[in-house]
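Trainee: Chains as they are written, first to last, in the numbering used here: chain H, 1 to 350; chain B, 1 to 350.
Everything labelled a hint here was simulated from the structure, so no lab data went into it. Careful, some of the hints might be misleading.
Straight line, CA to CA, 30 Å or less: simulated BS3-like cross-link-like pairs of lysine-lysine [claimed, not checked]:
#, chain 1, residue 1, chain 2, residue 2
1, H, K196, B, K32
2, B, K192, B, K341
3, B, K9, B, K32
4, B, K15, H, K192
5, H, K341, B, K192
6, B, K205, B, K9
Protein chains: 2
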Amino acid sequence: MGCAGIARKVSRAIKLAPNATVVAVASRSEEKARRFIADNHLPEGTRAHGSYDSLLDDPDVDAVYVPLPTSLHLQWAVAAADKGKHVLLEKPTALSVADLDRILEACEAKNLQFMDGTMWMHHPRTAEMQGLLHDPDRFGQLQLVSSIASFQSNPEFLQNDIRVKPDLDALGALGDLGWYCIRSILWAVDYKLPNKVVAFPNPIKNEAGLIISCGASLQWENGSAAMFHCSFLAHLTFELTIVGSRGTLTLSDFLIPFEENSAPFSFASDSRLSKLKMGLEELPGKHVVPTEFPQEARMICEFSRLVEAIKVSGSKADGKWPSISRKTQLVVDAVKESIEKGFEIVEIVG
Amino acid sequence: MGCAGIARKVSRAIKLAPNATVVAVASRSEEKARRFIADNHLPEGTRAHGSYDSLLDDPDVDAVYVPLPTSLHLQWAVAAADKGKHVLLEKPTALSVADLDRILEACEAKNLQFMDGTMWMHHPRTAEMQGLLHDPDRFGQLQLVSSIASFQSNPEFLQNDIRVKPDLDALGALGDLGWYCIRSILWAVDYKLPNKVVAFPNPIKNEAGLIISCGASLQWENGSAAMFHCSFLAHLTFELTIVGSRGTLTLSDFLIPFEENSAPFSFASDSRLSKLKMGLEELPGKHVVPTEFPQEARMICEFSRLVEAIKVSGSKADGKWPSISRKTQLVVDAVKESIEKGFEIVEIVG
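Here chain H stands alone, though its shape is the one from the complex (with noise of 0.2 Å):
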């Protein structure tokens, strides 16, 4: 539904998924839907359509993935979900978390799968490190998640990427990279709330009053504590630092990995610098993680996965995606309460 940029990358995802088939391709022009399934070298037969809401009538079309500026989430996921297909929503998923939950009950009122686009959740290194954090022994009781996420965006983009329009994607940067980050920071902790949320002073926002650069910290009630910055104006940086009691987790590329094939991340748990000489007793442990398909068609392998199961099998929808994305958006939606009201702390109750 739509033919943004992200929706290249998609489609090459659905090709690569065994379980996935593009059918069909919407925009608002039937001519660029025809072009997009060309210009992708989709399928023969996969259909244009002119409009969204005649994608929506199409009967072959189990799910839809909206890569669709933000603000127009709200309509078209509920107006999917009201067709009887399941969604794959690219983050943010909505402009406030009041909208995903109307967006979420509209899944759940026809047990529809709903996900959200965050690919990194998939790569195989993601479960890898998890079980590292999980294990008392070696990572001990978490202390703090450090997340940075930027990029260095050219003046176009500036300009007139949907990404810096307010009446698009108001959120800007934070719905953008700051989503990264936070759902970093929530995976880190096991998806428990934080009971602060505080955004750090000064925000870089643009000529229309949009991030395009902010931070915060979030704390817990015991005492763990984490920081994010996102950032449009800074070098390429998906930096990643998960710190226990007994273990230390570093990654430079948790957002999207440097290379396709496999997937590097550094571990060191009980370290102890020597006693007079300077250094380690033991360097960091180094981990690759190899992945036959990129994370992006991981992703689109769970959801059909998920889709198949409650089309073949009649299975429940799996709450857990639906879970996470409006954690996040919680999150999203604090730090921004924050920055409006003057960097106050937030308390949220989940």
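Using the hints, position chain B against chain H.
Mentor: Just chain B, lined up with the frame of chain H:
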């Protein structure tokens, strides 16, 4: 002056440095000083003083290294300067910038060299990284610094170490580890003071009310931002990430290199994601900087070189070192003030 654990490391560094000699060790008992000399295999003829005053009256002593608890710095650093001794003072330099100013004035009055014990400043890696940060074509304008310094202390440390005693080291983890984070941030921005500092909510304190884990964000008028976290409760982590508009520099052992003879960092410039496939067009570069001497020996070399220049050639004391100590202490003070005022934004007036 004093036989603290860190003095063992520094006495080794003095032995390694070709332009410095330990001529005397002072403790509150002569016996303890004598034992320190023997245990650390210091040169024959090294004098043992049973009081700090006696050390300061020793005419063969050009300079003193002061690793005493922070609460004693003002008294003994000023006493040393009054006796004409150059001062290498452990960090945190003082309990407040007002105290530090008295120390610096005492040194300046007699043209004595002052330097604080921030060892990593002297590693050749630091100079190499600084060259990259100053390269507008490869690094661009500084956008973000993120710094983490922590170690997991044992119950014995948390009960008895001087760094958790309000009467000895009232700045706790902020003074011991936050000092390094703040210095790394100031170093990255060329020692331009931030105009706003705000502590993260809910630092962790011990029963005596001393900070054992905290963090803060710093902001500059030009839009640069920094965030840091320091903790006695988290696994050994010395992460530093510096992001410019065109480059990203990362290292995981900024405070103490994990290996003694060389130290790595990663630097990427103008990274671009492949258009369709996942991944970077070019991976970040890995740099490894060898060093003949460990950083603490290089610190001693540099301090001794400055002392010798004053003593032999009548040079003026190098004002860079007191100046950056003072700026670091100013920001430490601002973080403490923000915590005391309920996480208010503190404005720094340079």
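Trainee: Please work out if K341 of chain H and K192 of chain B have their alpha carbons no farther apart than 30 Å.
Mentor: holds, 28 Å
Trainee: Holds or violated: are the alpha carbons of K205 of chain B and K9 of chain B at most 30 Å from each other?
Mentor: Within the cut-off at roughly 29 Å; holds.
Trainee: Within 30 Å, alpha carbon to alpha carbon, are K192 of chain B and K341 of chain B?
Mentor: holds, 24 Å
Trainee: Need the status of pair K9 of chain B, K32 of chain B: alpha-carbon distance at most 30 Å?
Mentor: holds, 17 Å
Trainee: Between the alpha carbons of K15 of chain B and K192 of chain H, is the straight-line distance 30 Å or under?
Mentor: violated, 52 Å
Trainee: Does the alpha-carbon distance linking K196 of chain H and K32 of chain B stay inside the 30 Å limit?
Mentor: violated, 49 Å
Of the numbered hints given earlier, the model fails hints 1 and 4; all others are met.
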